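So the protein sequences, as listed, match chains X and C. Those letters in the first sequence? Residues 1 to 177, by this note's numbering. Those letters in the second sequence? Residues 1 to 356, by this note's numbering.
Check before you lean on any hint, since a few could be wrong.
[Stated by the list, open to error] Calculated cross-link-like contacts (lysine-lysine; reagent style BS3-like; alpha-carbon spacing at most 30 angstroms): (1) K97(C) x K71(C); (2) K208(C) x K23(X); (3) K83(C) x K55(C); (4) K83(C) x K9(X); (5) K33(X) x K71(C); (6) K97(X) x K62(X); (7) K93(C) x K23(X); (8) K9(X) x K23(X); (9) K2(X) x K62(X); (10) K99(X) x K43(X); (11) K43(X) x K83(C); (12) K66(X) x K124(X); (13) K9(X) x K337(C); (14) K124(X) x K97(X); (15) K55(C) x K23(X); (16) K97(C) x K83(C); (17) K9(X) x K208(C); (18) K157(C) x K83(C); (19) K99(X) x K124(X); (20) K2(X) x K337(C); (21) K103(X) x K62(X); (22) K33(X) x K9(X); (23) K62(X) x K99(X); (24) K55(C) x K43(X); (25) K55(C) x K71(C); (26) K66(X) x K103(X); (27) K83(C) x K93(C); (28) K62(X) x K33(X); (29) K83(C) x K71(C); (30) K2(X) x K333(C); (31) K98(X) x K66(X); (32) K337(C) x K23(X); (33) K93(C) x K55(C); (34) K33(X) x K55(C); (35) K208(C) x K157(C); (36) K337(C) x K208(C); (37) K157(C) x K333(C); (38) K33(X) x K83(C); (39) K43(X) x K23(X); (40) K98(X) x K62(X).
In short, the hints are calculated from the structure, not lab data. This one's a predicted model, so the numbers in the text were calculated from it and none came from an experiment.
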Amino acid sequence: MKSFYLYIKELFEGICNLILGLKISMMNFLRPKVTEQYPENRKTAQHFDRFRARLVMPHNEKNEHKCIACGICEMNCPNGTIQVLSSMVEDPETGRKKKVLDKYIYDLGTCTFCNMCVTSCPHKAIAWSQDFEQAVFDRDRLYCQLNAEGSHVESKTIPTPKTEGKQNTSTVNGQES
Amino acid sequence: MFDFSVITCWIDNLLRVEWGLPDFWTLAIEFVLVGVALLTAYALIALVLIYAERKICGFFQCRIGPNRVGKWGLLQVVADMIKILTKEIIPIKRSDKFLFLMAPFFVIIGSILTFAALPFGLGLQAIDFNIGVVYILAVSSLGVIGILLAGWSSNNKYSLIGAIRSGAQLVSYELSAGLSLMVAVVLAGTMQLSEIVEAQSDLWFIFKGGIFAFVAFVIYLIAGHAETNRGPFDLAEAESELTAGYHTEYSGITFGFYYVAEYTNLFIVAAIATTMFLGGWMPLHIPGFDAFNAVMDYIPTPIWFFGKCAFCIFMALWVRWSYPRLRIDQLLKLEWKVLMPITLVNLAAVAVAVTM
């Protein structure tokens, strides 16, 4: 008699468990779908903040960047992807000679997206873009100049030694890994 | 309700009286017409079901399924069909060539024969046997012969294991499938499919038969699902252990036959469950609500039939994408220790309830 009782109990427990399983899969059925339909959602596609598509140098509305041509990124780059071409220009106000960025050359073809340039930049002059469609037909087009034509360094970007220590510990848009 | 026998009688009249053909030629032409209609329905139902399966499977896994070929991926199945037709049939060394090529036809024939007796709508039934239920049960399980032949003739141990598992599964589950259909037979008092549908004209058996009919319906769905070798009962294929089970060695259209037969068997199980418990093509009639019944009659009978089939098929897909595969001992335990006793008690109870 006891085994019969156990059989019935097991049967109903089994049925309850099966219904629970069905309920869970039905919840999945009704959930919003995760599939990204890529060419159609090109305009609305969302990427992760930390996604590294290519290196960019943000410019402000006055066509100014923050790069002081110190060359730390070039030294830190393990692949020789970055070339900072600079020249010494005399400041008309103070009369002191100063390094000025001519060309910031970035070779997307050899970049391994290791993020060392961005983390080592003392002025947050470079960042990663989310623009992932980087396929080209010619390898030469992977060489990009990151500073815009006619741009110059932002005035008052040279920090005092006090704030510099602060900047190094803070993260750049959450991109530090 | 539109009676489709008007159309069939008109064709018969056209051939016999208008054109004055003798009996032999009239029948020959009608056989060909019925055969073509059933084969077309067979292929179309398989295509629609393959699309539905892939789409619903995607939805259960939080994907959206095929969406590239045509609007919503509607032409994906057609593209796959054309692909499978152009593929090579690879002959297997040291296989039993004759049986190897014959096995897919057994599987196909088993399911096509069932189509002959299914009532798709009022007047849309090729043959109306007075033992329709027995005929359908007998013929729809013929497919396992094809599966056993495929496993044997492939000369491949995985195929053979898959085929033997399929055989064990079918022999077990045929019992509860047949016995649960007997509940509907007891309620209707006949084995003729058209009369079973007619007996549900006031209310479908699933509502009229109370708990007995409901239990029988659920058990038939489980057993029928097991017979189609799908879902949690797919040990005959079990791709993680047996590569593809009995159809490992098949390619091209011979594999296509198994693929199509799997989906039409799914439809056949749903169609039998619909006819026996959900009223077949009979619209929903509730006694006492005459206006409601009259409105329901305006919906064509094939739409009722295929709509109810779609419901049953959705249940099967839901189960398939919810549970993991059973082991062979669990499978047989489920049948012999759970489903069989419940079906027998249920059948005895319904017999007592009807006679009283």
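query: Regarding the pair K33(X) and K55(C), is the alpha-carbon distance no greater than 30 angstroms?
result: holds (12 angstroms)
Proposed proximity, K103(X) with K66(X) (alpha carbon, max 30 angstroms): Roughly 13 angstroms separates the two Cα atoms, so the pair holds.
- prompt: Does K337(C) pair with K23(X) here, judged by a C-alpha cut-off of 30 angstroms?
  reply: holds (25 angstroms)
- prompt: Within a Cα-Cα threshold of 30 angstroms, do K337(C) and K208(C) meet the stated pairing?
  reply: holds (28 angstroms)
task: Quickly compare the C-alpha distance for K55(C) and K71(C) to 30 angstroms and report which way the hint goes.
output: Holds, because 13 angstroms separates the two Cα atoms, which is no more than 30 angstroms.
- prompt: Taking only the CA atoms, is the gap from K43(X) to K23(X) under or equal to 30 angstroms?
  reply: violated (36 angstroms)
message: Can you confirm whether the C-alpha distance between K33(X) and K83(C) stays at or below 30 angstroms?
response: Roughly 29 angstroms separates the two Cα atoms, so the pair holds.
- request: Verify the proposed pairing of K83(C) with K55(C), using a straight-line Cα cut of 30 angstroms.
  value: OK: K83(C) and K55(C) at ~19 angstroms, within 30 angstroms.
field: Holds or violated: K157(C) to K83(C), with C-alpha atoms at most 30 angstroms apart
entry: Status holds; Cα separation ~28 angstroms.
- prompt: If you draw a straight line from the CA of K33(X) to the CA of K71(C), is it 30 angstroms or shorter?
  reply: holds (18 angstroms)
- prompt: When you check the alpha-carbon spacing of K2(X) and K333(C), does it fall within 30 angstroms?
  reply: holds (20 angstroms)
query: Holds or violated: are the alpha carbons of K83(C) and K71(C) at most 30 angstroms from each other?
result: Holds - the C-alpha atoms of K71(C) and K83(C) are around 19 angstroms apart, at most 30 angstroms.
In this structure, the hints that do not hold are numbers 1, 4, 7, 9, 10, 11, 22, 28, 33, 35 and 39, in rising order.
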